[in-house]
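Once you have looked at the hints, place chain B with the ligands on chain A.
Protein chains: 2
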Amino acid sequence: MRFLLSLFVSFLVTTTASMSFADPLPSWNAGDTKSAIISFVESVTDPASDSYVTPADRIAVFDNDGTLWAEQPIYFQIAFAVDQAKKMDPADLTSDALKAAAAGDVEGMLATGKSGLLEILAASHTGMSVTDFKASVEAWLKEARHPDTGRPYDQMIYQPMLELLRYLRDEGFATYIVSGGGIDFIRVLSPDAYGIPPKQVVGSSLVSEYIVAEGAPMLMKSPELFFNDDKAGKPVAINHHIGQRPIFAGGNSDGDFEMLEWTTSGDGPAFALYVHHTDADREYAYDREGHIGVLNRGLDEGPERGWVFADMAKDWAVIFPAQAQ
Amino acid sequence: MRFLLSLFVSFLVTTTASMSFADPLPSWNAGDTKSAIISFVESVTDPASDSYVTPADRIAVFDNDGTLWAEQPIYFQIAFAVDQAKKMDPADLTSDALKAAAAGDVEGMLATGKSGLLEILAASHTGMSVTDFKASVEAWLKEARHPDTGRPYDQMIYQPMLELLRYLRDEGFATYIVSGGGIDFIRVLSPDAYGIPPKQVVGSSLVSEYIVAEGAPMLMKSPELFFNDDKAGKPVAINHHIGQRPIFAGGNSDGDFEMLEWTTSGDGPAFALYVHHTDADREYAYDREGHIGVLNRGLDEGPERGWVFADMAKDWAVIFPAQAQ
Ligand SMILES: [Ca+2]
Ligand SMILES: [Ca+2]
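Protein chains in written order, with my numbering: chain A, 1 to 325; chain B, 1 to 325.
Since the hints were derived computationally from the structure, they do not count as laboratory data. A hint or two may mislead.
Said to hold, decoys possible - Below, computed lysine-lysine pairings styled on DSSO-like, alpha-carbon distance capped at 27 Å:
(1) A/K114 x A/K134
(2) A/K142 x A/K99
(3) B/K142 x B/K86
(4) B/K199 x A/K231
(5) B/K114 x B/K87
(6) A/K86 x A/K134
(7) B/K99 x B/K134
(8) A/K199 x B/K99
(9) A/K199 x A/K99
(10) B/K87 x B/K231
(11) A/K199 x B/K231
(12) B/K134 x A/K199
(13) A/K114 x A/K87
(14) B/K231 x A/K134
(15) A/K87 x A/K199
(16) A/K114 x A/K99
(17) A/K231 x B/K114
(18) B/K142 x B/K87
(19) B/K99 x B/K142
(20) A/K134 x B/K99
(21) A/K114 x A/K231
Only chain A is shown next, with the shape it has when bound in the complex:
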């Protein structure tokens, strides 16, 4: 009996080890996309390969909204702002935009235009310290639920992309988020959700001011935009925060085009991945139309540039982590 048990354990260990060796991306279906990713990673990590890249240069950058987690029906950071508006004292709802947000009236909110949206964001994101802001995001993540799935927002992350992040790190890559979303917002969830520490999060940001009140220094968030980490801003931010050109980039919209272009314009090997939202049943299907995650130029020019597309319906065996919901 003891002998049989030991044989069984040994079988399990061997099988698990060989499976993980055989498939670092179990939630990706076999096909060109998965093969292209694995071939690239194997070639840049093989010291005998002409494409070998030293570990210090293995930098991988990923957009967040629509690439690592979902972004429908509205960007999750907007959902956070709306939920904060709902908690505001009615006397402080001094504009149509804030009133619409507090009433959960998304159409009315969007009707107030960009200035209305900025006002809603300002109410929840400014006039407080970075520490207090992060605490409010943390509390929201615990209680808020996605309107379509009922999941916590930090479980609306893509299982195949989690596996890709882990695979890259296992192969000596440093993995970064380079997002149009707010840097302080993403940093609250990135360590637990993605295994990415705050220092490897790059994002849009507001001006912060260092003030000392009664001997206690704090960083206050002001309403002034400091940096818009989108489109041509992404390569600029990559240079600013990382100081090296990445060799792997993942995105999902035209806001990532320049990041993928910059990544694939170096002298050595590079890989560009577009997550293509094709799965209306399990997630959402959208690309060329709408106001979230629009992908036109990427679809037109990506293929001829050798960029790889992850077709969510075809390439992903699962979308969200199984343990969630």
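Just chain B with the ligands, lined up with the frame of chain A:
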């Protein structure tokens, strides 16, 4: 004979190992400063200690000019700009500031004031890509020599601080530069000089623009200031780049006061170090007066805040690396 040799080798190995165990900071003289550093590091890395800090939170930040390398008789980045002006076509020397720089006339250059200095910096730092700028800094480091010592500028680094950086890294710290100097400039030398990769360099910066010329994307350096990483800007930049409060900070001037204040205002243990330039014989002696590395508030308030001062004349057995010059 073989036996004696083996004994001798074994003696060497044992001695070296025990020496390095006994003294992680061999260029620091025994005394309160060295003891304070080692006590702090031992307490935050001992899992049994009340002051234990998890490796992910062991962030150490250091000013560069006057803290990790020298800054006299002029900031080395200014010396670079002057040397670049000397190489300019005389027809392009369109101002008194540029003419004075090209003539190596430091007094005349300073007489043109801040706008003159900015003009000289702009000529060598802007209107080119980040890649070309870094190549020009690299070429300069190879050929330029410090006027007082004849050493290459990247050998004007402080041996005791190199040991401190290595000691901290050996004990699980991530070491960062947080400098008022230019981020692109420092990144050229930081990996070889300090063992600090580009992504762990924070500094002042100009606006960069992403442009695509004939299919080739590049990051162009514009003359517009993006961020001044000095004084209250240092905690802001630390939050922006690192997103965590450091637990160890080193500086040498009032420009570092807020960084040290921020570092030592968290809930847990923290260490603030001021490098005090007291050694006119081996380096330079300066603090409250002059226009470089002025230290007034730090001297006045640092001691009562528990900040530690490295007295270069007393605490440092050597200043510069022995292999240099
Ligand atoms: Ca996106
Ligand atoms: Ca300094």
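We went through each hint and held it up to the structure:
1. Annotation: proposed proximity of A/K114 to A/K134 holds, straight-line Cα distance about 24 Å (limit 27 Å).
2. Taking the CA atoms of A/K142 and A/K99, the gap is about 25 Å. The hint holds against a cut of 27 Å.
3. At most 27 Å may separate the alpha-carbon atoms for a hinted pair to count; B/K142 and B/K86 meet this at roughly 16 Å.
4. Using a Cα cut-off of 27 Å, the hinted pair B/K199 and A/K231 holds, with the two alpha carbons roughly 21 Å apart.
5. Between B/K114 and B/K87 the CA atoms are separated by roughly 22 Å; this keeps the pair inside 27 Å, and the hint holds.
6. For the hint linking A/K86 to A/K134, the alpha-carbon distance of about 18 Å falls within 27 Å, and the restraint holds.
7. Pair hint B/K99 plus B/K134 holds up; C-alpha atoms about 24 Å apart against a cutoff of 27 Å.
8. Our distance criterion of 27 Å between C-alpha atoms is broken by A/K199 and B/K99, whose separation comes to about 43 Å.
9. Using a Cα cut-off of 27 Å, the hinted pair A/K199 and A/K99 is violated, with the two alpha carbons roughly 36 Å apart.
10. With a C-alpha separation of about 33 Å, the suggested pairing of B/K87 with B/K231 is violated against the 27 Å cut-off.
11. Annotation: proposed proximity of A/K199 to B/K231 holds, straight-line Cα distance about 21 Å (limit 27 Å).
12. Annotation: proposed proximity of B/K134 to A/K199 holds, straight-line Cα distance about 24 Å (limit 27 Å).
13. A C-alpha spacing of about 22 Å is found between A/K114 and A/K87, which places the hinted pair at or below 27 Å, so the restraint holds.
14. Restraint check for B/K231 and A/K134: satisfied, since their Cα atoms lie roughly 24 Å apart, inside the 27 Å limit.
15. A threshold of 27 Å between alpha carbons decides the hint, and for A/K87 with A/K199 the separation of about 31 Å lies outside it, so the pair is violated.
16. The suggested pairing of A/K114 with A/K99 holds, with an alpha-carbon distance near 15 Å, which does not exceed 27 Å.
17. Among the hinted pairs, A/K231 with B/K114 is inconsistent with the structure: their alpha-carbon atoms are about 35 Å apart, more than 27 Å.
18. Pair hint B/K142 plus B/K87 holds up; C-alpha atoms about 16 Å apart against a cutoff of 27 Å.
19. With a C-alpha separation of about 25 Å, the suggested pairing of B/K99 with B/K142 holds against the 27 Å cut-off.
20. Of the supplied pair hints, the one linking A/K134 and B/K99 is violated, its CA atoms being roughly 51 Å apart against a limit of 27 Å.
21. The hinted pair formed by A/K114 and A/K231 meets the criterion: a straight-line CA distance of about 18 Å does not exceed 27 Å.
Of the hints listed earlier, those the structure fails to meet are numbers 8, 9, 10, 15, 17 and 20, in rising order.
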